[in-house]
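Given chain A, work out where chains B and C should sit, using these hints.
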Amino acid sequence: MTATTARLPAPALGLGARLRNESRVVAELGRRSVRQAFRRPQFLAPIIIFPSLFLAVNTGGAGQAVNLPEFPKVHGFLDFQLAGAMLQSTMLAGVSAAIALALDIEIGFIDRLFAAPIARASFVLGRLAATAVMGAISALWFLSIGLIFGAHIEGGVAGALVVIVLVVLNATAFGTLGAALALKAKSASTAQGVFPLVFVILFVSSAFFPEALLLEPAKTIAEWNPLSLIADGLRDPIISDLSLRPTLEALGGIAIVAGIGSALSVWGLRSRIRNA
Amino acid sequence: MTGIAYDARATWTLMLRGINEIARVPGAAIPGVLAPTIFMCGLTAVFGSLTKLPGFTTDDYINFILPVGFLQGAGFTGAATGVNLARDIELGWFDRLLASPAPRGVLLSGTVLSASLRVLMPITLLMIVGLVLGVSFPGVDGLLLGVFLAACFAAVAACYGVLIAMRFKTQAAAPLMQAGVFMAVLFTTAYAPQDLLTGWLHTVAELNPVTQILEAVRQGFVGDVTWADTWPGLLSLAGLGAVLIGLALRSLRRAGA
Amino acid sequence: MSAIEVRGLERRYSGDVLAVAGIDLEVSEGEIYAFLGPNGAGKTTTVRMLVTLLTPTGGTATVAGFDVVRDAPSVRRSIGVALQEAALDPLMTGRELMHLQATLHGLPGHEADRRGDALLTRVGLADAADRRVGTYSGGMRRRLDLATALVHDPKVLFLDEPTTGLDPVSRIAIWDEVRRLNDDGTTVFLTTQYLEEADQLADRVGIIDEGKMAAEGTPTALKAQIGRSHLEVIIAEGGSTEAEVIMARFGEPMPSKNGVLMVGLLHGASDVAPIVRALDDAGLCVESLNLVQPTLDDVFVEKTGRHLEGADEEQPQLADEPVSA
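Protein chains in written order, with the numbering used here: chain A, 1 to 276; chain B, 1 to 257; chain C, 1 to 325.
Looking at chain A on its own, in the form it has when it is part of the complex (with noise of 0.2 Å):
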């Protein structure tokens, strides 16, 4: 063997170089995700094309609820319906993710990043980036798609714009709810045994249907569900002008669903070094 060049290991870095450093890790990870989504077709599936399909067979077997004496004044069925696309849409956006990350770490994919010198929470905050990404993507190809089969927007460009934000927001909401799961599911077909349990809490709330046709016991659920908030603020710019309230209201439904999946996350995570 040769003499040893005497090697020095990589300086630790001021606060303003770190954060510049765990940025772009996060981005870079952020953008694997995002592109991991595309070229594996069962992730994307769930974000788009079901919700899109369950959107069709809605509008065309049920569009006639519009004729139900109680059913609030809408130009049109779709227009109801693109609110409740959108939140299933970024619900299952959140199990997706939730099972890649439960398959990163079933491949040991996660150890990479553990043993490189970055943040151990980056790697979930770039699994919520790209869920952001993947709301924003959902919350055009809905809106698009709506406005091709002849929605309104009643609200116009600005409540375009709200419902864009509020789906990012929602979906990165439940980006921290699919973190939680994988860091306790530890398995991709565990964490995929969640997907039913989507439907089951949308189907109590306002996603589909008004709160007040709703049959029991689903009715008094929904009033008591925060997704039936975020589902009626998306809604509210669609079929009617922009309003502050159902906002704000579905700004507090995100962001209970928000603190209930980050407070989870992070217990997840601490667990999980503690145990390594």
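It is worth saying that the hints were derived from the structure and are not from the lab.
One should not assume that every hint holds.
Said to hold, decoys possible - Distance condition first, Cα-Cα at most 20 Å in a straight line; then the derived SDA-like pairs of lysine to any residue:
1. C/223 / C/196
2. C/212 / C/62
3. B/52 / A/68
4. A/219 / B/52
5. A/219 / B/134
6. B/52 / A/66
7. B/52 / A/67
Relative to the frame of chain A, chains B and C by itself:
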């Protein structure tokens, strides 16, 4: 062992393996068993008020929507069969079967028969929950007819799953299998009678052969079972079966070409 | 300074499973150290503690001068890691993975690209760089894994069973690369269950069994502890007795077995030629000749009573144990 005895035994063994998937990978099976019941309860809670519309054929939405669960259960089971085959292909296990003396027809029959039996699980759960929630009992004839049609539809859906699995040879094709059965079952009179469907769905449901199968399953739940409402469903099933079994068998025979 | 220093390192799992039972070792800068042991011996657990993926439950360890518990981030900045499962994302291309790894180690964009491309070329993956990792062969994945471990020019490189499951050609390619890295000054800590790998590559070998260090030293010194090499000869019919006498002049006589004559060599392989000449001068026909060197497996057997390779098989009968009926 040769001939019919061999074919029967090989079919039986393959069918048992397909059923054992549930014990080996319960996490994959449970959503498929629960989903139709979740959808039945959920759609009843959400769209139950549609029965107030003039022209709706029943006052109780659960009677209308539960039969959809029969076909959904059959469809999911069929799609799951395709996903399992795709996994077997990826792992190389299917090569072992292809290299065995079992005829291709036996490979197909064992796989699809397991789907026909597995569908009993979601259907049983559907009926138990449905009866608890007050669904009208369809009569023994209505129930047996529904189960028979669902089992046959599961076999047909499984052939579709096999076809997709053999074409793409990867589990990444799972959404294609699931979307296919989703559309087949729900682009029908699933949510409302034909006359109350709107726009494009009105036309598609009229042309979709699965609509006839659904109406045949539904008849006991919303009225009496009659031959006039049964034979179109049987004919549609036979037609779909002939096409998909033929295509699936061809895809197996051409494996490795 | 030591590149790696371990004192009483221990890892206990819940249920009182002691995977690593208090080991001591030291690896000098610029050394290749092979950690040898059967499956389940504690090699991977030890590596995971040294690369800060697992917290020790006892003892201390420093890597590149930094404590693995108290100063884990500094350790991570100093090490490169190629783990047993080759944790690669099958959906990423080789180039994308290199770029990600470089970013994880703080290299800015253009530098990350430059370094990534250079390393892909170095490990012979330039042509496959834009293909998805899922399409790579086992050998290609290991080479990519090795390249990702080098992206930040680490002081200490950890390789966990780098050639397990590879074909001989790929294995030799990895060995060559490890030697090249070491020539450039990188300290290498590798775990292996392959004797030849430890023999070929390592300056020093540590043998671990059931969580404890069984032996440590250079391969030559370890083998010398066990004994000398011996020569096995088969003579054509009629000459065995005379051959035995001749061979005894050159070394330690050993009992023959099944017609195979054996002599312990005092000076190793250099004794072979004189023996062959003497047998030839006596007109004896040598049918077969075999120089048997002690192996690290012999070291392992000596220390643990079991063979290293095929360690799941039953214990061999040792010479001084009574043979059962």
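Okay, the hints, checked on the actual structure:
1. A threshold of 20 Å between alpha carbons decides the hint, and for residue 223 of chain C with residue 196 of chain C the separation of about 13 Å falls inside it, so the pair holds.
2. Under the criterion of a C-alpha separation no larger than 20 Å, the hint pairing residue 212 of chain C with residue 62 of chain C is consistent with the structure, at around 19 Å.
3. For the given pair, residue 52 of chain B sits about 8 Å from residue 68 of chain A by alpha-carbon distance, which is consistent with the 20 Å threshold.
4. Using a Cα cut-off of 20 Å, the hinted pair residue 219 of chain A and residue 52 of chain B holds, with the two alpha carbons roughly 17 Å apart.
5. With a C-alpha separation of about 18 Å, the suggested pair residue 219 of chain A and residue 134 of chain B falls inside the 20 Å cut-off, and the hint holds.
6. A hinted pair counts as satisfied when its Cα atoms are at most 20 Å apart, and residue 52 of chain B with residue 66 of chain A qualifies at roughly 12 Å.
7. With a CA separation close to 10 Å, the supplied pair residue 52 of chain B and residue 67 of chain A stays within the 20 Å bound.
The structure is consistent with each of the numbered hints, conforming to all of them.
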